[in-house]
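Protein chains: 2
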Amino acid sequence: MALAKVVTRDWARRRTAKRERLEAVRSFTSGTSGRVLDAGRTGDALQALLRPGDRVALEGDNQKQADFLAEALADCDPDVVHDLHMLISSISLREHLDVFERGVAHRLDFSYAGPQSVRMAQLLADGKVEVGAIHTYVELYARMFVDLTPDVALLCAEQADREGNLYTGPDTEDTPTIAEATAFHDGVVLVQVNELVDEVTRVDIPGDWVDLVVRSPRPFALEPLFTRDPRQIGPVEVLMAMLALRGIYERHGVTTLNHGIGFDTAAIELILPTYGEELGLRGKICKHWTLNPHPTLIPAIESGWVESVHCFGGEPGTERYVAARPDVFFTGRDGSLRSNRVLCQLAGQYAVDMFIGSSLQIDACANSSTVTESRLTGFGGAPNMGHDPHGRRHASPAWLSLLTGEASAPRGRKLVVQITQTFRSGGVPAFVESLDAVQVGKDAGMPIPPIMIYGDDVSHVVTEEGVAYLYKAAGLAERREAVAAIAGATPVGRDIDERRVQELRRDGLVALPEDLKVDVRKADRSLLAARSIEDLVAWSGGLYDPPARFRTW
Amino acid sequence: MALAKVVTRDWARRRTAKRERLEAVRSFTSGTSGRVLDAGRTGDALQALLRPGDRVALEGDNQKQADFLAEALADCDPDVVHDLHMLISSISLREHLDVFERGVAHRLDFSYAGPQSVRMAQLLADGKVEVGAIHTYVELYARMFVDLTPDVALLCAEQADREGNLYTGPDTEDTPTIAEATAFHDGVVLVQVNELVDEVTRVDIPGDWVDLVVRSPRPFALEPLFTRDPRQIGPVEVLMAMLALRGIYERHGVTTLNHGIGFDTAAIELILPTYGEELGLRGKICKHWTLNPHPTLIPAIESGWVESVHCFGGEPGTERYVAARPDVFFTGRDGSLRSNRVLCQLAGQYAVDMFIGSSLQIDACANSSTVTESRLTGFGGAPNMGHDPHGRRHASPAWLSLLTGEASAPRGRKLVVQITQTFRSGGVPAFVESLDAVQVGKDAGMPIPPIMIYGDDVSHVVTEEGVAYLYKAAGLAERREAVAAIAGATPVGRDIDERRVQELRRDGLVALPEDLKVDVRKADRSLLAARSIEDLVAWSGGLYDPPARFRTW
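Note that the protein sequences, when read in sequence, are chains A and B. Last residue of the first sequence: number 553 in UniProt numbering, and the count goes up by one each step with no gaps. Last residue of the second sequence: number 553 in UniProt numbering, and the count goes up by one each step with no gaps.
Keep in mind that the hints were calculated from the coordinates and are not lab data. Accuracy of the hints is not assured; some may be wrong.
One copy or two, either will do: identical chains are not told apart, so a pair holds if it fits within one copy or between any two.
Okay, derived cross-link-like pairs now, EDC-like style, lysine to aspartate or glutamate, Cα gap no bigger than 16 angstroms in a straight line [claimed, not checked]:
(1) 517 / 38
(2) 284 / 147
(3) 287 / 147
(4) 128 / 436
(5) 522 / 278
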């Protein structure tokens, strides 16, 4: 037998390294389990734990931030800790980039860099940061189980006990996934917590997966990203919401769905109890949701539209409301929300029939992007929701209503809907010949343009002009015409003549308001079940506690 | 404000029901936490817990089976427990269908029914079982967070303590996912365990998520599905493995990958340390894997080819070997494997560049299926690995080497490879004009044919004749020609003339062995690094303990 090249090697190098790392921080810990790190020694501990070149996952989620650990990392001595390879899903804090500017880290794999994207571009230009790749959220987590396993994970949670058991509270987000990837490949898991307690409220992550906990001097930062003030919803959003309800939700019988962030989809949520009720659609559409606890969904929940909501993360201010609606939300033994981004993404990809999200820019082929300036923001989670999952095999009426595929292999298709006004504020056209993202990608040296949702995955586009049924287009040329027909006075919309629009309407590729029997005169704010944050609080029976910045009354 | 239709309702019906259910079984439990169920009262407990119409998840995984609970359920009195809606990912045991035959359950959502598919067809015909839908594994779990949340979950694990903390051992598979969907929506989680202990070896699932544990009189059943005896690998499999290595792995620089089950891919694993070494490919390909611990991967691991392996589940006999290779496998604090189907599926979908699997039947358009008789087996996990995930955004050299997409939106593509001999044993052609699955789907009243992998997702097909590079085909006609060129003397292969094959070779759509510089004369069993299970044991240094049925020496 060909036993020629057996390699003699140490097969437990990661385990040995972990033992040595933990040994090096032992003097900074207390408690019988040795898991509790003295907060005042956090910087020393990081310098003892980390080795040059380490792969470090820093929690950096969409909403919550391990900010205390991020600061301590940024303060490390670059002579001691350098050339780290950071895995940060959302670059949200100044400190996330300070670690590169100071030379503590050099390589970066990430998913989203919204608030810090300008500075990031500068650091890239200066050679201070080398980007591995830009991912969607779940891709980055997926790689943690393949070729980007963390050596150290810096996470955050609400509470820990002295054995390291963690309570994440409603904002579980990505903590269990990163902890699993790290703990089960002999990486070190260090968690900042808001409270150290004798017994955690509920165990979200077992202490067996956690090596060190440290009490942060202040609660971790958390952004209310999913709160939309109904005051900012105008008649055009209401009109688009009516068109979407009649032309898509009702027509395809959409019972399971995901809404993106934005005022356009918030308007849809807010007209369910009014316009939706008038159309007799309650119980027929919008029953099962995958999305964060949007405050604008409260009136629909209270009106009996919503059977279940599974969440990627939480939303500040909705804690008491969610806890009081356990039949609808996924909650734990303690009563509070359990969220989980990876499982909600799984649900959003394989169990729901529709994704609808706002777009900032759409090209003539229906490719879309939220990049609209000369900066690279990354992808976040939209591409995973906004594509047709070819791995799906079970059928549902909505999915089957978009029959697609070659003759020998017919199949259904996910509804991927883009919604936007033809012009954004300031008169900037939303429909353009070429996406800004194409140039941004070129400038950043990306191998392919950073497109958020591909045109061939988009099934419908909604504007105030009407609905384009792109899934019915026979080819790219027809898809371009259907987009043009609802693109209004934008450069893309000016290309099509009236006669062709009539043909597209006749063939069912385009529907205008009158085709959908939507009375444009009714499209005003009076259709909104709540017209202010105050109204949302009233709908919730006082259970919704909006963050201070939204308390405008 | 339009507060017209607020529904007054009880928002905690599931929670109340759960409390009542647990109250009803209290007299069958012991222990201070009340979580330990007396094994002798399991049947009584199920009759007290369950209500007609309940949605019940029964663990039925790909490998492990909650068989004690399945038996107890099948023995329930159908006058008391009836019309259950079962969620079983893999219908593997007689009892899984007994529950329908006896009228305990009526509705079924499932993923795979291999061993029981004939009886299942009969029960369907008799109206004893009503199928909701047939899913892939992850789709079924995804729906547990959307519209198929379990009321009761019947699961299995290695150990529990009296607080309900669970140790799943290496065979974690789907237990955490089903437990999370159930526990966090006020369902009841009941787990059969092999051992009740004072302290579990490691906590895989926190006791907070578990309501009841019962010690099964015997360990749960577990199938060694991923063990392939190298004795059954012949020269044709070796030839195909050589073609795949040169024509795909080397050419595209595949470093991250997933192998399906089968002798074809086992042959590839076994020639890495011989033929692969000769080609100088170690360190250049096949570094990061997502797959169960295949015994046939041991020689490649021992020869230093493999940097990491993340697993969907375990494999009986590999426990000691895996525990001794923690740098490669994901293991826990206790040293044993941690698997997780959902996370490995995530990794296989979004983090690896290639899937390669054996097919039993491929049509002229490259659609493929493992259904080859008149029965409905379902999908399992292959479709999720075997498609091009449009939600992926990060680039890698292998992915970019298959540049695809419209001109305005170029992108890379996953390598989805199908491998098969042109004829199966008994002279049955693997290439056919129409898949048996099409007729099977019709007979079963399925809305669309149950195709395992769609032809437009397949990038390459390998046979003993050569490799077809389908991703280069300009359209369906050219794809059909490329398939025909390597389909040998099958009905599909006879359609193409020699001149056209030459053109396809010239244009790079097809490569024959000589094009790939594969010396056909070298293709024999001497290239296999292990030629028997005994050899695999030797490669493992005695750490691999093959199950009795494989001990043939």
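Here is what the structure says about each hint:
Taking the shortest alpha-carbon separations for residue 517 and residue 38, neither the intra-copy value of 66 angstroms nor the inter-copy value of 63 angstroms comes in at or below 16 angstroms. In this homomeric assembly, residue 284 and residue 147 come within 16 angstroms of each other (Cα to Cα) only across copies, at 14 angstroms, whereas the closest approach inside a single copy is 45 angstroms. For the homomeric pair residue 287 and residue 147, the shortest alpha-carbon distance between copies (9 angstroms) is at most 16 angstroms, but the shortest distance inside one copy (39 angstroms) is not. When the C-alpha separation of residue 128 and residue 436 is checked against a cutoff of 16 angstroms, the pair qualifies neither within a copy, at 25 angstroms, nor between copies, at 58 angstroms.
In this homomeric assembly, residue 522 and residue 278 come within 16 angstroms of each other (Cα to Cα) only inside a single copy, at 12 angstroms, whereas the closest approach across copies is 75 angstroms.
Going down the numbered hints, you'll see the structure goes against 1 and 4, while the others check out.
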